[in-house]
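The numbering of the sequence shown is this note's numbering, which starts it at 1 and goes up by one.
Read the hints as simulated data drawn from the structure, not as lab findings. Source: prediction; values computed, not measured. Don't take every hint at face value.
[As the list claims (entries may be wrong)] Listed below are the simulated PhoX-like cross-link pairs for lysine-lysine, each with C-alpha atoms no more than 25 Å apart in a straight line:
no.	residue 1	residue 2
1	Lys85	Lys186
2	Lys70	Lys124
3	Lys124	Lys20
4	Lys7	Lys124
5	Lys124	Lys10
6	Lys215	Lys419
7	Lys215	Lys76
8	Lys215	Lys85
9	Lys338	Lys124
10	Lys186	Lys149
[Said to hold, decoys possible] Pair ranges (Cβ atoms, derived):
no.	residue 1	residue 2	range
11	Lys19	Asn287	49 to 55 Å
12	Pro89	Phe522	27 to 33 Å
13	Trp79	Glu286	38 to 44 Å
14	Thr9	Phe522	47 to 53 Å
15	Thr29	Glu424	33 to 39 Å
16	Pro252	Gln122	26 to 32 Å
17	Thr479	Ser88	55 to 61 Å
18	Glu35	Gln496	55 to 61 Å
19	Thr267	Thr9	30 to 36 Å
20	Gln507	Asn287	30 to 36 Å
21	Lys499	Asn287	33 to 39 Å
22	Asp282	Asp47	16 to 22 Å
Cβ atoms here follow ideal geometry from the backbone N, Cα and C, with glycine treated the same way.
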Amino acid sequence: MEEFGLKSTKCGLEAAGVKKVKQAFWNLTATELTEIAVRENEGHLTDTGALMCDTGKFTGRSPQDRFIVKDELTEKEVWWGKINKPISPESFDRIYAKMIGYLEDKKVYVRDAYAGADTSHQLKLRVVNTMAWHNLFCYNMFINPPDYKLEDFVPNFTIIACPEFEADPETDGVRQTNFAILNMTKRMILIGGTAYSGEMKKGIFSVLNFLLPTKDKVLPMHCSANMGIEEHDTAIFFGLSGTGKTTLSADPNRLLIGDDEHGWTKTNVFNFEGGCYAKVIDLTEENEPDIWNAIKYGAILENTRFIPNTRTVDFSNTEVTENTRVSYPIDHIRNTVKPSIGGVPKNIFFLTCDAFGVMPPIMRLTKGQTMYHFISGYTSKVAGTEAGVTEPQPVFSACFGAPFMPLHPTRYAELLGQKMEENEVNVWLVNTGWTGGPYGVGSRIRLKYTRAMITAALSGVLDNVGYRNHSIFGAEMPTTCPGVPNEILSPKETWQNDKAFYEKANQLADKFKANFDQFREFANDEILSGEPQPNLAFVEESTL
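Let the hints inform the model, and build the full structure from the sequences given.
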């Protein structure tokens, strides 16, 4: 076996059971990996220097093919069901042995990295890839140790990602040929049959969502986070893909902590990652200048296409998928926090992409409403985020990240409640979805209005305006906000027909209640007080 690059002297590939490969390239630089990817026809350079690659058959995560090994460690801890699918240790071992055999005559790219900016709660990762651009993705998305730390690096979690290797559903205990399997006991993730790079980052996120609450009492969060430049006030933004976490946290007037995954300790909020993974469908420099300018040499574009006869990316092109993405190191963003750690949050934003068009663009939540909406995690899946999703679909995802949460949602909700009791926090629910009607009738709320509302909340302006209650969702809607037309602050006023609005709002309230039935027996009176109440009489909002 030939090995190149900066390799640990204390722990080689054999620690992961990989005893024989053709060549192993250790901890290559972004430049080296980009050059190899182009040379091996894994991708093409754009006119900004970014590497453009395709993920093949899978252009999003495949949640139905993500498994957790069910053993003594996980059997009683994991919330088993449609999201957390069990697989036996024997099936894991069988697939693992086949993968190791498959790698014997292959080139691999090995990266040692960290997950977690807070050194007290950090995973030491080793990633083994068969594709150079996948290893570059890990260079971007995880935290890279200095060279002197690599010399004696000993990992405590390993990812083996081999897109070309496929499992046998008839013998391997999986649903189809692609898979992502988490083994908490052996501290390993196996990924095969898919080249979608997001499976690696979300696999580690799921691991941290298992380990941190159970071992360290740290709240893991599917959120972005930023900090005020002068006052250093931290804000966090919960939400699923497509709700605006990356876009809204990349604020030129604030310092970015991270765009997707964080932990909340007694004293801080820290980023799990070293980079950002943003959607780029219809990206423009005017609307999202920070992301636009981050797409340069070292960044990776996924499933985008060129304007014909150029090397310029056509961000409006959906030929492959609407889930076009860019991965880049966090230092491609101009204003960032180094290290990626902030204080406890002063403001929390729940982002939802409401396809019904009845949620206000911003409303202030009580503690009970906060807990209720956190456990509910309402949004709409945006087209292309997952395989098979072609248009927005209303969904409920507990903790705004159920696909990545191995524990029961109430475990995370209880931790959030503790954090709220220990700290003074304003909580806002922000609708980045539709107004003036549901999807297909209304229009998407303008980004500049959402930015203005969040800026007003962060600056305290919304502390000094009037509010009125939404007659169904109960929460407080501001009557005015700088830079935002007053009429869009109450969603009913944007509809042409009041009765149609209330009928649709009642439908959504009923969906909230039906979804919450699975948690109702665990909820106290304060949480249940935050539940929306259908208004069959079409009562108007009351003014405070």
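Hints, verified against the model:
1. Lys85 - Lys186: Distance of about 17 Å is within 25 Å: holds.
2. Lys70 - Lys124: holds, 23 Å
3. Lys124 - Lys20: holds, 23 Å
4. Lys7 - Lys124: holds, 15 Å
5. Lys124 - Lys10: holds, 14 Å
6. Lys215 - Lys419: holds, 17 Å
7. Lys215 - Lys76: Answer holds: Lys215 to Lys76 is near 15 Å, not above 25 Å.
8. Lys215 - Lys85: Measuring from Cα to Cα gives roughly 22 Å; hence the hint holds.
9. Lys338 - Lys124: holds, 19 Å
10. Lys186 - Lys149: holds, 24 Å
11. Lys19 - Asn287: 49 to 55 Å: Distance hint for Lys19, Asn287 holds at roughly 50 Å.
12. Pro89 - Phe522: 27 to 33 Å: holds, 30 Å
13. Trp79 - Glu286: 38 to 44 Å: Given a distance of about 43 Å, which is inside 38 to 44 Å, the answer is holds.
14. Thr9 - Phe522: 47 to 53 Å: Holds, at about 50 Å.
15. Thr29 - Glu424: 33 to 39 Å: 45 Å Cβ-Cβ, so the 33 to 39 Å window is violated.
16. Pro252 - Gln122: 26 to 32 Å: holds, 30 Å
17. Thr479 - Ser88: 55 to 61 Å: At 58 Å between Cβs, range holds.
18. Glu35 - Gln496: 55 to 61 Å: holds, 57 Å
19. Thr267 - Thr9: 30 to 36 Å: Given a distance of about 35 Å, which is inside 30 to 36 Å, the answer is holds.
20. Gln507 - Asn287: 30 to 36 Å: Holds: the Cβ-Cβ distance is about 31 Å, inside 30 to 36 Å.
21. Lys499 - Asn287: 33 to 39 Å: At roughly 35 Å between Cβ atoms, Asn287 and Lys499 fall inside 33 to 39 Å, so the hint holds.
22. Asp282 - Asp47: 16 to 22 Å: holds, 19 Å
Checked against the numbered hints given earlier, the structure breaks only hint 15 and satisfies all the rest.
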